Amino acid sequence: MMSAMDTHTDPRQLPAVIEAQDLSRRFGDTVALDAVDLHVPAGQICTLLGRNGAGKTTFIRCALGLLPPTTGSVKVLGEPAGSMAARLGTGVMLQDTDLSEALTAREQLALFSSYYSDPADIDAVIEEADIGNFADTRYKKLSGGQKRRVQFAVALIGKPRLLFLDEPTTGLDTDARRAVWDNVRRLAARGTSIILTTHYLEEADALADRIVVLAQGRVIADDTAAAIRARTGGAIIRCRTSITPEQALALPGVRAADRHGRLLTLSCEHAPTTLRALLDADPDVDDLEVTKPTLEQAFTALSAVTTEDAS
Amino acid sequence: MSRTYAGILAAETGAELTQSFRAPEFLLPTLALPVAFYMMFGVLMSRGGGAATYLLATYGIFAVMGPSLFGFGVGVAGERERGWLELKRAAPAPASTFIGAKLGATIAFAAMALMPIYAAAAFMGGVELPKTVWLTLFLVHLSAVFPFSLIGLSIGFSFSTNGAVAIANIVFLSFAVIGGLWFPATFFPGWMVAISNALPSFHLAEIALTVVDAPGDRIAGFHATVVAGMTLACAALAGWTWSRQR
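So the protein sequences, as listed, match chains Y and F.
With this note's numbering applied, the first sequence covers 1 to 311.
With this note's numbering applied, the second sequence covers 1 to 246.
These are computed hints drawn from the structure, not numbers from a lab.
There could be a bad hint or two in this list.
Distance condition first, Cα-Cα at most 20 Å in a straight line; then the derived EDC-like pairs of lysine to aspartate or glutamate [stated by the list, open to error]:
#: 1; chain 1: Y; residue 1: LYS141; chain 2: Y; residue 2: ASP118
#: 2; chain 1: F; residue 1: LYS88; chain 2: Y; residue 2: ASP209
#: 3; chain 1: Y; residue 1: LYS140; chain 2: Y; residue 2: GLU101
#: 4; chain 1: Y; residue 1: LYS159; chain 2: Y; residue 2: GLU101
#: 5; chain 1: Y; residue 1: LYS159; chain 2: Y; residue 2: GLU79
#: 6; chain 1: Y; residue 1: LYS147; chain 2: F; residue 2: GLU86
#: 7; chain 1: F; residue 1: LYS88; chain 2: Y; residue 2: GLU101
#: 8; chain 1: Y; residue 1: LYS159; chain 2: Y; residue 2: ASP175
#: 9; chain 1: Y; residue 1: LYS292; chain 2: Y; residue 2: GLU269
#: 10; chain 1: Y; residue 1: LYS140; chain 2: Y; residue 2: ASP209
#: 11; chain 1: Y; residue 1: LYS141; chain 2: Y; residue 2: ASP98
#: 12; chain 1: Y; residue 1: LYS147; chain 2: Y; residue 2: GLU128
#: 13; chain 1: Y; residue 1: LYS75; chain 2: Y; residue 2: ASP34
#: 14; chain 1: Y; residue 1: LYS292; chain 2: Y; residue 2: ASP205
#: 15; chain 1: Y; residue 1: LYS147; chain 2: Y; residue 2: ASP123
#: 16; chain 1: Y; residue 1: LYS75; chain 2: Y; residue 2: ASP175
#: 17; chain 1: Y; residue 1: LYS75; chain 2: Y; residue 2: ASP37
#: 18; chain 1: Y; residue 1: LYS159; chain 2: Y; residue 2: ASP205
#: 19; chain 1: Y; residue 1: LYS140; chain 2: F; residue 2: GLU86
#: 20; chain 1: Y; residue 1: LYS292; chain 2: Y; residue 2: ASP173
#: 21; chain 1: Y; residue 1: LYS140; chain 2: F; residue 2: ASP217
#: 22; chain 1: Y; residue 1: LYS140; chain 2: Y; residue 2: ASP130
#: 23; chain 1: Y; residue 1: LYS140; chain 2: F; residue 2: GLU81
#: 24; chain 1: Y; residue 1: LYS141; chain 2: F; residue 2: GLU81
#: 25; chain 1: Y; residue 1: LYS147; chain 2: F; residue 2: GLU81
#: 26; chain 1: Y; residue 1: LYS159; chain 2: Y; residue 2: ASP223
#: 27; chain 1: Y; residue 1: LYS147; chain 2: Y; residue 2: ASP118
#: 28; chain 1: Y; residue 1: LYS147; chain 2: Y; residue 2: ASP96
#: 29; chain 1: F; residue 1: LYS88; chain 2: Y; residue 2: ASP34
#: 30; chain 1: Y; residue 1: LYS140; chain 2: Y; residue 2: ASP121
#: 31; chain 1: F; residue 1: LYS88; chain 2: Y; residue 2: GLU127
#: 32; chain 1: F; residue 1: LYS88; chain 2: Y; residue 2: ASP96
#: 33; chain 1: Y; residue 1: LYS141; chain 2: F; residue 2: GLU25
#: 34; chain 1: Y; residue 1: LYS292; chain 2: Y; residue 2: ASP223
#: 35; chain 1: Y; residue 1: LYS147; chain 2: Y; residue 2: GLU101
#: 36; chain 1: Y; residue 1: LYS141; chain 2: Y; residue 2: ASP182
Please read all numbers here as calculations on a predicted model, not as lab measurements.
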């Protein structure tokens, strides 16, 4: 085992909750996952971010043993994906997976708790997932958002060391989404490792220690949210000015310029350099605002680069 | 409660029974239809004699067919379509407890469908049989759960919910009519008898008819062998459709 004093800690040496090696999955001619290597150490919230069809759900399904890989392998909690030992330590909330319509949340929790040696207390899970108001209503009669919350509760019943959440907040309103986020943070604080897929950039940004960006089945970025934003670098400058986009492009460090009415938006490499030139060019600049690119902008840039590479 | 095989099986069976009891569209036809038919054709229209005993043997097979084909066929198709099966595969639930619980629930419903028919036969149809014959008949009727459930499972793994309803109904009705469960197969033309001989319902009915000593020449051992062979074939079919799920 490694000591806490060890400063040469290679993350690859830490015990992994997910260890995917050269994982590929094809469906006919379609490549859903393309040689994915992913090592997720324990205790992380790791977000798989990507557009629909990027390979997020295929990755989850391979990691759960629901889908055999075409090539490569994936281990979960040190055990082969889909093995009973891996399943016992894992909680799952999947997309397009409905619970039994005729049973209540409490009954479904009781059924799933029978699968585990040391399940969580059913009432405690009901409270934690905040489903007390409809715990004794048949699943069929619940709203879409309530159903997702019951599914979340079911994922917690086995006291999982690793939690898979595949698009957990799809179909939820803002309040319910924030409630799920709070829950995820609380679980992570208690040491649960979490693999979460989302196409909401805001969600990845708000939750993740680490963001893995998937596009066309490949990992195109794997870093912290801040680092991914920094990867595309630079800053966004907005201001009211009489300068035209053509003139702005001639300023130092400007990569792109766009104008709506008198509002000019500049994407630049180094904000101070561009700002100095901008203020020299137009002393009447007003409403000046400098921001870091959002994850959305960073993500669009990363995806665009990959598409160019591929063609 | 900690994880034991018996504990999981009990929880799964309980959930199966609860779900079925909350589905009147499943419960009513499977439990009420066979006894209603038997009352009409076996008791009211036959006015005693051999018909009540003969039809007791064949309607018993008919009664078991409903929960087996529809519970497994339509039930599994729906659970598969909703992703419920996939979630269980991702959870540490053994596949055998899922099948075992469904089988247990089906046997329970089969017994519930049989009891009113037995009561109608004994108290209204004038059927008198020794206790051991009643018991043997009950066991023969219940054994029909196995081949029919395996056929239902194959349907459930192969078709969407709507498709499974349609296919299960076709199988249900053709097994009933051509298998000789509603009218004795001896009335059938030769070509139909040939089809009857290919159906498990026909051979199960023949075994049940031997038990109640109905008129006609039958060799129970032959029919039992055929049923055993057909059940193995159905098991292979169910296993194959199951493996195609991945």
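Hints, verified against the model:
no.: 1; hint: Y:LYS141 / Y:ASP118; verdict: 30 Å, violated
no.: 2; hint: F:LYS88 / Y:ASP209; verdict: 29 Å, violated
no.: 3; hint: Y:LYS140 / Y:GLU101; verdict: 5 Å, holds
no.: 4; hint: Y:LYS159 / Y:GLU101; verdict: 24 Å, violated
no.: 5; hint: Y:LYS159 / Y:GLU79; verdict: 18 Å, holds
no.: 6; hint: Y:LYS147 / F:GLU86; verdict: 17 Å, holds
no.: 7; hint: F:LYS88 / Y:GLU101; verdict: 15 Å, holds
no.: 8; hint: Y:LYS159 / Y:ASP175; verdict: 25 Å, violated
no.: 9; hint: Y:LYS292 / Y:GLU269; verdict: 11 Å, holds
no.: 10; hint: Y:LYS140 / Y:ASP209; verdict: 36 Å, violated
no.: 11; hint: Y:LYS141 / Y:ASP98; verdict: 13 Å, holds
no.: 12; hint: Y:LYS147 / Y:GLU128; verdict: 15 Å, holds
no.: 13; hint: Y:LYS75 / Y:ASP34; verdict: 17 Å, holds
no.: 14; hint: Y:LYS292 / Y:ASP205; verdict: 13 Å, holds
no.: 15; hint: Y:LYS147 / Y:ASP123; verdict: 17 Å, holds
no.: 16; hint: Y:LYS75 / Y:ASP175; verdict: 35 Å, violated
no.: 17; hint: Y:LYS75 / Y:ASP37; verdict: 11 Å, holds
no.: 18; hint: Y:LYS159 / Y:ASP205; verdict: 26 Å, violated
no.: 19; hint: Y:LYS140 / F:GLU86; verdict: 19 Å, holds
no.: 20; hint: Y:LYS292 / Y:ASP173; verdict: 27 Å, violated
no.: 21; hint: Y:LYS140 / F:ASP217; verdict: 53 Å, violated
no.: 22; hint: Y:LYS140 / Y:ASP130; verdict: 18 Å, holds
no.: 23; hint: Y:LYS140 / F:GLU81; verdict: 15 Å, holds
no.: 24; hint: Y:LYS141 / F:GLU81; verdict: 19 Å, holds
no.: 25; hint: Y:LYS147 / F:GLU81; verdict: 17 Å, holds
no.: 26; hint: Y:LYS159 / Y:ASP223; verdict: 28 Å, violated
no.: 27; hint: Y:LYS147 / Y:ASP118; verdict: 25 Å, violated
no.: 28; hint: Y:LYS147 / Y:ASP96; verdict: 11 Å, holds
no.: 29; hint: F:LYS88 / Y:ASP34; verdict: 28 Å, violated
no.: 30; hint: Y:LYS140 / Y:ASP121; verdict: 24 Å, violated
no.: 31; hint: F:LYS88 / Y:GLU127; verdict: 23 Å, violated
no.: 32; hint: F:LYS88 / Y:ASP96; verdict: 14 Å, holds
no.: 33; hint: Y:LYS141 / F:GLU25; verdict: 17 Å, holds
no.: 34; hint: Y:LYS292 / Y:ASP223; verdict: 17 Å, holds
no.: 35; hint: Y:LYS147 / Y:GLU101; verdict: 10 Å, holds
no.: 36; hint: Y:LYS141 / Y:ASP182; verdict: 26 Å, violated
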